[in-house]
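Residue numbers (full-length UniProt numbering), protein chains in the order written: chain A, 1 to 296; chain B, 1 to 343; chain C, 1 to 337.
Just so you know, not all the hints are guaranteed correct.
[Said to hold, decoys possible] Capping the alpha-carbon separation at 20 Å, the derived lysine to aspartate or glutamate pairs in DMTMM-like fashion look like this:
| id | chain 1 | residue 1 | chain 2 | residue 2 |
| --- | --- | --- | --- | --- |
| 1 | C | K141 | C | D130 |
| 2 | B | K238 | C | E244 |
| 3 | B | K265 | A | D136 |
| 4 | B | K125 | A | D25 |
| 5 | B | K238 | C | E160 |
| 6 | B | K238 | C | E183 |
| 7 | C | K313 | C | E244 |
| 8 | B | K238 | C | D130 |
| 9 | B | K127 | C | E183 |
| 10 | C | K120 | C | D130 |
| 11 | B | K125 | C | D5 |
| 12 | C | K255 | C | E301 |
| 13 | C | K149 | C | E160 |
| 14 | B | K234 | C | E244 |
| 15 | B | K127 | A | D25 |
| 16 | B | K234 | C | E157 |
| 17 | C | K313 | C | E114 |
| 18 | C | K145 | C | E157 |
| 19 | B | K265 | A | E183 |
| 20 | B | K234 | C | E114 |
| 21 | B | K234 | C | E160 |
| 22 | C | K25 | C | E12 |
| 23 | B | K238 | C | D90 |
| 24 | B | K234 | C | E183 |
In case anyone wonders, no lab produced these hints; they're calculated from the structure.
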Amino acid sequence: MPQIKIYQEDEIPSPMRRFWHAFLDNPFAFAGLWTVICFLLLALFGPLIAPYAPEQQDPHALLLAPSWDASGTVEHFLGTDDLGRDIFSRLLHGAHLTFGLALGIVLASLVLGFIIGSISGMMKGLKSSILSHLLDALLSIPSLLMAILVVAVMGPGLENVFWAVGIALTPQFVRAIHQAIHEELQKEYVTAARLDGANQFQIFWYVIMPNIWDTLIIQTTLGISAAILDIAALGFLNLGAQAPSPEWGAMVSQGMDNLLTAPWTVTIPGIAILCCVLSINLVGDGLRSALSPLNN
Amino acid sequence: MARYLLRRMNLFVATSLVLLAVLFIATHHFPVEIRFALTGIHAPTVEQIAQIDRDYRLESNQLGQFIGYLQQRVTGNLGVSATSQQPVIDELAAVLPASFELAIVAAVLALLFGIPLGILASMSKNKITQHTIMTITLTGYSIPVFWLGLTLSLWFGVQLGWLPISGQLNLLYEIDPITGFVLIDTLLSDSPYADSAFIDALQHIILPAVTLAVLPFTVVVRSTRSAIISIMDKTYIKAAEARGLHTSHIVLRHALPNALIPVLKSLGLMLGTFASYAMIVEVIFSWPGVGAWLVSGIYQRDYTVIQGGVLAVALIIIFLSIMIEVLHTAINPLSRKELYAAN
Amino acid sequence: MPLLDIRNLTIELDTPHGRVKALDKVSLTINPAEIHGLVGESGSGRSLLARAILGIPGHNWTIKADRMLWDGHNLLEMSSKQRRNLMGSDIAMIFQDPSSSLDPVIRVGTQLVEAMPENKKLPFWRRNADKKKTARKWLHKVGIKDTQKIMSSYAWELSEGECQKVMIAMAIANQPRLLIADEPTNSMEMDTQAQIFRLLTKLNQLQDLSILLISHELETLSIWCDRLSVMYCGQIMESGPTAEILAHPYHPYTKALLNNIPHHTGQIAHKSIMRTLPGSAPTLQHLPIGCRLGPRCPRAEKKCVIRPNLSHKKNRYFACHFPYQEETCNDDTSASS
Numbered sequence: 001m002p003q004i005k006i007y008q009e010d011e012i013p014s015p016m017r018r019f020w021h022a023f024l025d026n027p028f029a030f031a032g033l034w035t036v037i038c039f040l041l042l043a044l045f046g047p048l049i050a051p052y053a054p055e056q057q058d059p060h061a062l063l064l065a066p067s068w069d070a071s072g073t074v075e076h077f078l079g080t081d082d083l084g085r086d087i088f089s090r091l092l093h094g095a096h097l098t099f100g101l102a103l104g105i106v107l108a109s110l111v112l113g114f115i116i117g118s119i120s121g122m123m124k125g126l127k128s129s130i131l132s133h134l135l136d137a138l139l140s141i142p143s144l145l146m147a148i149l150v151v152a153v154m155g156p157g158l159e160n161v162f163w164a165v166g167i168a169l170t171p172q173f174v175r176a177i178h179q180a181i182h183e184e185l186q187k188e189y190v191t192a193a194r195l196d197g198a199n200q201f202q203i204f205w206y207v208i209m210p211n212i213w214d215t216l217i218i219q220t221t222l223g224i225s226a227a228i229l230d231i232a233a234l235g236f237l238n239l240g241a242q243a244p245s246p247e248w249g250a251m252v253s254q255g256m257d258n259l260l261t262a263p264w265t266v267t268i269p270g271i272a273i274l275c276c277v278l279s280i281n282l283v284g285d286g287l288r289s290a291l292s293p294l295n296n
Numbered sequence: 001m002a003r004y005l006l007r008r009m010n011l012f013v014a015t016s017l018v019l020l021a022v023l024f025i026a027t028h029h030f031p032v033e034i035r036f037a038l039t040g041i042h043a044p045t046v047e048q049i050a051q052i053d054r055d056y057r058l059e060s061n062q063l064g065q066f067i068g069y070l071q072q073r074v075t076g077n078l079g080v081s082a083t084s085q086q087p088v089i090d091e092l093a094a095v096l097p098a099s100f101e102l103a104i105v106a107a108v109l110a111l112l113f114g115i116p117l118g119i120l121a122s123m124s125k126n127k128i129t130q131h132t133i134m135t136i137t138l139t140g141y142s143i144p145v146f147w148l149g150l151t152l153s154l155w156f157g158v159q160l161g162w163l164p165i166s167g168q169l170n171l172l173y174e175i176d177p178i179t180g181f182v183l184i185d186t187l188l189s190d191s192p193y194a195d196s197a198f199i200d201a202l203q204h205i206i207l208p209a210v211t212l213a214v215l216p217f218t219v220v221v222r223s224t225r226s227a228i229i230s231i232m233d234k235t236y237i238k239a240a241e242a243r244g245l246h247t248s249h250i251v252l253r254h255a256l257p258n259a260l261i262p263v264l265k266s267l268g269l270m271l272g273t274f275a276s277y278a279m280i281v282e283v284i285f286s287w288p289g290v291g292a293w294l295v296s297g298i299y300q301r302d303y304t305v306i307q308g309g310v311l312a313v314a315l316i317i318i319f320l321s322i323m324i325e326v327l328h329t330a331i332n333p334l335s336r337k338e339l340y341a342a343n
Numbered sequence: 001m002p003l004l005d006i007r008n009l010t011i012e013l014d015t016p017h018g019r020v021k022a023l024d025k026v027s028l029t030i031n032p033a034e035i036h037g038l039v040g041e042s043g044s045g046r047s048l049l050a051r052a053i054l055g056i057p058g059h060n061w062t063i064k065a066d067r068m069l070w071d072g073h074n075l076l077e078m079s080s081k082q083r084r085n086l087m088g089s090d091i092a093m094i095f096q097d098p099s100s101s102l103d104p105v106i107r108v109g110t111q112l113v114e115a116m117p118e119n120k121k122l123p124f125w126r127r128n129a130d131k132k133k134t135a136r137k138w139l140h141k142v143g144i145k146d147t148q149k150i151m152s153s154y155a156w157e158l159s160e161g162e163c164q165k166v167m168i169a170m171a172i173a174n175q176p177r178l179l180i181a182d183e184p185t186n187s188m189e190m191d192t193q194a195q196i197f198r199l200l201t202k203l204n205q206l207q208d209l210s211i212l213l214i215s216h217e218l219e220t221l222s223i224w225c226d227r228l229s230v231m232y233c234g235q236i237m238e239s240g241p242t243a244e245i246l247a248h249p250y251h252p253y254t255k256a257l258l259n260n261i262p263h264h265t266g267q268i269a270h271k272s273i274m275r276t277l278p279g280s281a282p283t284l285q286h287l288p289i290g291c292r293l294g295p296r297c298p299r300a301e302k303k304c305v306i307r308p309n310l311s312h313k314k315n316r317y318f319a320c321h322f323p324y325q326e327e328t329c330n331d332d333t334s335a336s337s
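Could you build the full structure based on these sequences and the hints that come with them?
Put into structure tokens, the structure is as follows:
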């Protein structure tokens, strides 16, 4: 039987729709989403559309200004650095390294953090408290110090950045998930489900999981932006990606020598990092404010 | 309360133990000979080797070695720096005050400007204004700090030439360290140039402090704003309004004390990132603090310096975050209520 | 002259579902020194009405009214600053949930002192001590003996009843002429409820304080109030002296409410159905046109899709096309008095 419409307008949008509308309501967040999508595409296909190889040196075009400058040429759209390498091509290749690596690290540590966090969150008593103390200790080591330790053990290099940033990020995920689960466990509806005879797994998967998605999403966006900043910072300090690499932080550090004569070699990769992190933070912020009315 | 403090102390000790264990494991994996990694002595004589073996119990099993390591580190023996052959603890004592000075100035700047701006932002009803404020603070939150530092020093240091961009004080001034804080030392100093030295020190600290303050500033603005917005919806604010109190009075007397509690919490969560940023800022502005010292330590593969620096910074952060938690409990009567309920 | 005279107050809320008339042409008259009860289910707009009288509107409200007179002064024409002053001096309000109406991080005593009126005659350095003294005096008046202990504790250390007494002390310290009590005894035990109500009636008798008592319990209100107004879904259904309303309700909704009150006489047959109106109150986005009780009303007819005007009969008002009384049916005459 078709539903009879009694009232003129009785459609109540689903939570998902409401969330999406709230997200669209914030133009900055929406712009951020598009930018993130662009960066994602660049990280995947950037090397294909780059006009030059990242390490190809053009001895006739050293320290060429960007194309909008009077002395710049359109062949080197964003100018060249002191070895005559095209900055635009290096940026595109670097997107693959900086952004792609950040995504990979976050994904890996998210999976690991999710597993540990959900196990520890569902546990009670001494085991849980030992684990949370351990995490507190790991969390209190700033990510850069953690990276320095890893570099001291394994030596600098892009692969080790993966471990350094991953080890720094995982405790944050574990802790966020642990706390979210613990908070949900205190609530009445979990008790109600338990009284209905749900076992630990059912409580975790069917009762708690749907309520901690938002924590997970927000933590992921925070993690990605932190990872990008960390990778770039390590590259800048010469502890991560090494000299010829087009990683954005390393590019800034390579441009430092010519800061006074060719400021664009520092400015342009910096702006790329800023845009990337900002767009992710905008999306994360939009998600958070769109999610918050749903929770209340 | 005493029991609570005892439990926090306990937490501090436990966390520090874990930290030392992590360092102990890392030390054993450094790609150098273990005795060198532990003490930093280049070519130890036979007696020195015997002494090291005894101190660090290298003959015994892993647990015994860890206990030996603990004994040495807890008694303040951090070894000697491999490059300068000076005791690490002395070098540490020399660089810590500079870092504290920078961090304190940056934190004061952030709080001084962040809290009022957060309140103003929360008062705005206009959606566009709100989005704009949020986006600007988010930009501040997203700027890579090394790039910000470079750009600021390029503009204000080089192109405009207003401010010095490296070091703590012009080398022309000779100020005897008393407290280690240059700003205070220059004031206390009885040298005839004390006043101009103070101004010089002030000029030196502006750029690094501003660069470092950007992150806590944005965090403070955002958390103050969101806390005040959520508190203004509470019944007690409505009740205060119904009593006919002024809006400014309500915000300052009732909303702000309540809002500062979550702000304090978010500050505590930010400590680690803040420390990372401080290290980068020190490197960029050649600030003679822990960060620059530690980074130069890693460039020179100075493993004792790395251990000492990591240990010191992490301990400070653990201590501060526990202090913030205690402070949080002390100023927040609501969390004391939970304490009563728990005990 | 009535203390508060409201005619056809309409409040519209901007919701995601468009603009909704939360209050629809509500009229309310409060005389000096009377206790006026306002009955209505939760969600019927009682709290909106209270906040509109007080002048603390929400950000998405649109308020329209034919007349809003406070002691002969037009409330609608006042600036927000004047309204604030009026709120502080002449109108006071106490809320449901008293423990959350007190700031949790400030001691109760500080908040109490803050609410006390300033004695302008004293030099300023003695004013604070004087305020403290007045605060203690008022606490005594609302029936708190250990003032020192109450004043030095935090809101969460007190019971709901104590908190409400503190709130009342704060509200009446400025000697207002109208006290709006929005469900003052919500979630309290019976004896605490009785204490609070007794306190309010005592204040009413001793200080000539008018009280607008808002509640969903007709039974309680009928004990304490001189006059009653019955609200349903943002419309006033009936208004008049309590005794008369209880004896002869005109409006089907009032009658239904009275019928709902269980009589503890033990004469209800075993397993007999309790008498209630069919259906449930509509949500804000699904309000029916005309008389909002229409879909649930036992006496509804086609005419009820047109909103009935408030009719006037002696000192009673009701809004119904088909009231419970055969002889007169002057529902077409307008309600103006």
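These are the hints, each one checked on the structure:
At roughly 17 Å between alpha-carbon atoms, C/K141 and C/D130 fall within 20 Å of each other, so this suggested pair holds. Only pairs whose Cα atoms come within 20 Å are accepted, and B/K238 paired with C/E244 is rejected, the gap being roughly 36 Å. Between B/K265 and A/D136, the direct Cα distance comes to roughly 15 Å. Compliance with the 20 Å bound is thereby established for this hinted pair. With a C-alpha separation of about 16 Å, the suggested pairing of B/K125 with A/D25 holds against the 20 Å cut-off.
For a cut-off of 20 Å, the pair hint linking B/K238 to C/E160 stands: about 18 Å separates their Cα positions. A C-alpha spacing of about 15 Å is found between B/K238 and C/E183, which places the hinted pair at or below 20 Å, so the restraint holds. Our distance criterion of 20 Å between C-alpha atoms is met by C/K313 and C/E244, whose separation comes to about 12 Å. Of the supplied pair hints, the one linking B/K238 and C/D130 is violated, its CA atoms being roughly 26 Å apart against a limit of 20 Å.
Distance check on the hinted pair: B/K127 and C/E183 sit about 34 Å apart at the alpha-carbon level, beyond 20 Å; violated. For a cut-off of 20 Å, the pair hint linking C/K120 to C/D130 stands: about 11 Å separates their Cα positions. In summary, the hint linking B/K125 to C/D5 is not supported, as the alpha carbons are separated by about 32 Å, beyond the 20 Å threshold. Distance hint between C/K255 and C/E301 is fulfilled; the C-alpha atoms sit about 17 Å from each other, no more than 20 Å.
Only pairs whose Cα atoms come within 20 Å are accepted, and C/K149 paired with C/E160 is accepted, the gap being roughly 16 Å. In summary, the hint linking B/K234 to C/E244 is not supported, as the alpha carbons are separated by about 39 Å, beyond the 20 Å threshold. Note on B/K127 and A/D25: the hinted pairing holds, with a Cα-Cα distance of about 10 Å set against a maximum of 20 Å. Restraint check: the Cα-Cα separation between B/K234 and C/E157 comes to about 19 Å, which is no more than 20 Å; the hinted pair holds.
Among the hinted pairs, C/K313 with C/E114 is inconsistent with the structure: their alpha-carbon atoms are about 46 Å apart, more than 20 Å. As the CA atoms of C/K145 and C/E157 are separated by approximately 16 Å, the hinted pair is consistent with the 20 Å bound. For the given pair, B/K265 sits about 17 Å from A/E183 by alpha-carbon distance, which is consistent with the 20 Å threshold. With a C-alpha separation of about 19 Å, the suggested pair B/K234 and C/E114 falls inside the 20 Å cut-off, and the hint holds.
At roughly 17 Å between alpha-carbon atoms, B/K234 and C/E160 fall within 20 Å of each other, so this suggested pair holds. Between the alpha carbons of C/K25 and C/E12 the distance comes to roughly 11 Å, so the proposed pair stays at or under 20 Å and holds. With a C-alpha separation of about 17 Å, the suggested pairing of B/K238 with C/D90 holds against the 20 Å cut-off. Taken as a hint, the B/K234 and C/E183 pair is honoured in the structure, with Cα atoms around 17 Å apart against an allowance of 20 Å.
Comparing the model with each earlier hint shows violations of hints 2, 8, 9, 11, 14 and 17; every other hint is respected.
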